[in-house]
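Residue numbers (our numbering), protein chains in the order written: chain E, 95 to 442; chain G, 766 to 1202.
One should not assume that every hint holds.
Stated by the list, open to error - With beta-carbon atoms standing in for the labels, derived distance ranges: (1) Arg1117(G) x Tyr125(E): 32 to 42 Å; (2) Glu208(E) x Asp999(G): 28 to 38 Å; (3) Glu906(G) x Leu360(E): 50 to 60 Å; (4) Ser1201(G) x Leu164(E): 51 to 61 Å; (5) Leu215(E) x Arg992(G): 49 to 59 Å.
FYI, nobody ran anything at the bench for these hints, they're computed from the structure. Positions of the beta carbon are idealized from the N, C-alpha and C atoms, including for glycine.
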Amino acid sequence: MTPVWDCMNASATPVRRQLHPPPVAPSPFPYNPGSLLSVQDLTLEAVSHILARATDLENMDPLVRDRILLKRRVALLFYESSTRTRTSFELAAKSLGADTTLVSSLSSSIEKGETLKDTGLTLRALGAEAIILRHNSSGAAWLLEEATRLPVLNAGDGMHEHPTQALLDLRTILTHLRPGIKTVTAETLAGVTVSIVGDILHSRVARSNMLLLPRLGARVVLCGPKELLPELAANAGPDIAVERSLEAALRQSQVVMMLRIQAERLAGMQLDLEQYKANYQLTGQRLAAQASSAVVLHPGPIIRGLELTAGVADGAQSAILEQVRNGVAIRMAVVERALATDGKGGGA
Amino acid sequence: MTALVIRGGHLIDPAAGVDGPKDILLKDGRVAEIASPGKLKLQNGVNTDETATLDATGLTVAPGLIDMHVHLREPGQGYKETIATGTAAAAAGGFTAVAAMPNTIPVNDSPEITRWMQAPERGAAVRVFPIAAATRGSKGEALNDFAALKSAGAVAVTDDGHPILKDGVMRETLAAAARVGLSVIQHAEDTRMTQGACMNLGAVSFKLGLRGMPPEAESGLVERDIRLVTELRDARAHLHVAHTSTAAAIAAVRQARRNGLRVTCEVAPHHFLLSDEHVGMYNTQAKMNPPLRSAADRDAMIEAILDGVVDAIATDHAPHATHEKEVEFENAPNGITGLETALGLCLRWLHREWKLPLGRILSLLSAQPAALLNLKGRGTLAVGSFADVVVFDPKAEWTYHAVDTLSKARNTPFDGWTMQGKIRWTISEGRIAYKSS
Ligand SMILES: [Zn+2]
Chain E
95 MTPVWDCMNA
105 SATPVRRQLH
115 PPPVAPSPFP
125 YNPGSLLSVQ
135 DLTLEAVSHI
145 LARATDLENM
155 DPLVRDRILL
165 KRRVALLFYE
175 SSTRTRTSFE
185 LAAKSLGADT
195 TLVSSLSSSI
205 EKGETLKDTG
215 LTLRALGAEA
225 IILRHNSSGA
235 AWLLEEATRL
245 PVLNAGDGMH
255 EHPTQALLDL
265 RTILTHLRPG
275 IKTVTAETLA
285 GVTVSIVGDI
295 LHSRVARSNM
305 LLLPRLGARV
315 VLCGPKELLP
325 ELAANAGPDI
335 AVERSLEAAL
345 RQSQVVMMLR
355 IQAERLAGMQ
365 LDLEQYKANY
375 QLTGQRLAAQ
385 ASSAVVLHPG
395 PIIRGLELTA
405 GVADGAQSAI
415 LEQVRNGVAI
425 RMAVVERALA
435 TDGKGGGA
Chain G
766 MTALVIRGGH
776 LIDPAAGVDG
786 PKDILLKDGR
796 VAEIASPGKL
806 KLQNGVNTDE
816 TATLDATGLT
826 VAPGLIDMHV
836 HLREPGQGYK
846 ETIATGTAAA
856 AAGGFTAVAA
866 MPNTIPVNDS
876 PEITRWMQAP
886 ERGAAVRVFP
896 IAAATRGSKG
906 EALNDFAALK
916 SAGAVAVTDD
926 GHPILKDGVM
936 RETLAAAARV
946 GLSVIQHAED
956 TRMTQGACMN
966 LGAVSFKLGL
976 RGMPPEAESG
986 LVERDIRLVT
996 ELRDARAHLH
1006 VAHTSTAAAI
1016 AAVRQARRNG
1026 LRVTCEVAPH
1036 HFLLSDEHVG
1046 MYNTQAKMNP
1056 PLRSAADRDA
1066 MIEAILDGVV
1076 DAIATDHAPH
1086 ATHEKEVEFE
1096 NAPNGITGLE
1106 TALGLCLRWL
1116 HREWKLPLGR
1126 ILSLLSAQPA
1136 ALLNLKGRGT
1146 LAVGSFADVV
1156 VFDPKAEWTY
1166 HAVDTLSKAR
1176 NTPFDGWTMQ
1186 GKIRWTISEG
1196 RIAYKSS
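For reference, chain G alone in the conformation it holds in the complex:
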């Protein structure tokens, strides 16, 4: 039996309504006891000699972070990232669970691949929850067997990167997923409007001579999907909008919620921090899909997070090899890494600059994604929950250096940025998955 005590820390567990000094006992991968400082009973055969203690004096203790949108590149593209390296970066960023997108090679559209991704041989540092493809090969035509995927461990379905354009197929996907209790995650991009485009359409793309993606390509598809959810109201279909980036899409989600629909959304740190001006002179580290939008869209993301329309912050961690990004802007692959910078950016900007309470940030990064993906026993440290814990110094400032990453990839626009909140320990099911040196 293994046990771990975290003493002297300040526990923030928004889902359990806890915000105060607490000691915690972790045992057999679960939270065994929570007590006021110095008051742990350590019952049930915990041998104090064999119990490791972490001194969390001055530190914040919280449920491990959960990233519901990452690309781990395995199977198929291990040169960009592996499940082992991606989850090592996740642990370094305070994440104890990541939801892995299915745009692997081959596409994860089968129970076999779903199981393969979770197998111990992958060497994951933290929990990996596969999100399976909604359609065969993510081609947007034939639906996969959602029941079989769910029993293999899939926590949602999506054709991320290949949005489901056909109304009939999307309606069937929403209905079939609802029948087995899975959410449908849509990468909202009407690709008929974005052919050959490589950044946001606007004054900046005009100036740079690059073809642009109109914001309507995102919001139009979100509106179409919401219409389908409305038609399927009785089926209790759940639509989750991935990496929302435009004011119009947020407005559509806001309205859908007001109408009582099960429509949720996530926003990535780069979309609430950066605008298309940050593309600078063709910086491929600022190229992703959806692209960095106008400053007004970026501001709308901040507003939406502050006023509670946004359900989760997800990184869309998308590692690429260095040489793949060192090409002409229009030829560079989309995506940036994000696991190691998410908390540091959220605390530096959402908390310090825009005064969002720490509990709300932790909720967006843990309790809420756990609820969206229906991850039982995660996103909280209530007694009996999984011992997924992050311990960090909320005040510490530090500089992120991409060369020091645990990911295989260094494609980040946040290299050299000041972060706030330094991870001390990340504990995955009672095991120390990351410890700062």
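For reference, chain E alone in the conformation it holds in the complex:
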């Protein structure tokens, strides 16, 4: 019998054969059931639980809510400045009665070059029971969780994920398209198309949303120029499509999520902003013509006159401030889940 490889001739394309290479080991993350590193760590049941708790906590008497995490210690570790996310998490934790402490990139240990691992271990030794991390490097939350084994809430890691943003976006979408719904399933958003427009390449908000929304039945259309949206983004998961024309994307959409251009991450990339605005700015005229009933979202901070006009940002279809409100409710639920002692807390 001739072994298969002896059949190899001089052709430039090698003969395909079944190779069975070493398998990829299953991910050990999250180590702590209270962590929220990625939207992919959440079952739909856990998503339902977080959404339901967000509503409960929002409606609760503040004096009762105040006792839920009374004196529990939550550290906010912020390597990037972020008024919105930091304040939102801080308000959420404090509304539940927790003590919060902020460590920012201006803190002395970080300035002196202490590693993330060492900073995390120090916070744990100081008594932190959970860490909320915002970091400029993709994957930082995984490093911190592995090192500390504490519940780690990923408040944005580099260009990778921002899971609480996707959850608050989901809450906003459901309020508009599926009001009154109690639990989410794989069909909840069937028939819904969400367009995410702009700087997809550098966006953790885009990644978390494109991985979460299709699991509830939505279709995600990514829209932007090829410098900011590589073709292979469509392979990131199921039900993700790439569309270069904003008009074509808008026509299909019930939800339009506009993203900011992350100038700080362009890394020498040349981008013609006038050209960009001409093709991708969400204007009142485009919105009226192509998606007159779509909900307009934006994770902030918004740059009026760049990715969208002031008129659209403040217009009737805009849910941008609702998103901010939903952020506090969602973050109360995930902070509570992080410190839930019964190990349930909507995890798994």
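Position chain G with the ligand against the provided structure of chain E, taking the given hints into account.
Relative to chain E, chain G with the ligand alone:
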């Protein structure tokens, strides 16, 4: 005088065309006699009372392995690895010779450093053959004195880690190296295309939000180098492509060979076993340069090894201190260790899984790298050769535990993996350099 007899083993010496039961006599650092079992004559004043005997019954005896691409970190970074610890790990992995890359501190671009690395004071367990920098400080501008480096013991030139981008400098390097009979080893990476990148460019890097190195950064430079070798055809320039990782680069090498050019390549075990999916959730033990590529590229490495385009398997052993790898993925240094796992992985996967004959594997790990680096008297156990021998149990399965390493470093993605083929003895020039406990 010292003598050593290895009895009862099965000798596989592809370069000599031997594959059968043989007894071997090693004397004064050389192979003195090879005979059928029980038939050694032990002449020339070998005193049987003073001759140690190794019982190799059931074991394979082969020429010591040769790794043509390792980073021993000395001079300059002894906290990561020293020549002593790196070669101890080499011996544990069955290697009797390693070629040490010049990206030390300072860069090995001088005969003095080349000699320093080979000095007995370094305490090497096996032979170290320095590969010297092609250009001053590996800056890709001014060529070093290749004749002087060669007479100091350098076996090739390279600017590994700092690819030579300028066409003119690379052409001069190839021509000058050919004049003194040295190979030029290129780390093929067009660094203009890989700024800020820390893994392979593809769907996985997109998902992880990491900047990626396009495969063309490798294959483009290989194609450029092959063009230069073509222009220098009459000069008999030899280009060796280090740690080849992409299907396109392999295709370019395949075509160059078909055109009769002196172009060779090596592949590292991680590039024929792992793909960018193995980066998992930012595992820095899966970060190296060139990076783990797509599954299709990985499969192309396996194909290329099986069909003979690949000339050598080299580990690119790149030790780092533990704390250096416990950082954000994009900030972690490139590289993984490889000396102790190479044979075990090759036997487990190339041999057992993909049915590559044992002789071919040993050739890729010994005879062929010896030929590429022109190491006379190595890579074979023909009578008169250096007594560089590895004796191993080809069937034994075992688990690799990084904590047990003889290297200073534990940065391996293969911790806990099942290996096949257990080293019993590694003999370097007649001396036992490693013995399993
Ligand atoms: Zn290299």
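Checklist entry - Which hints, by number, does the structure contradict? => result 2, 3
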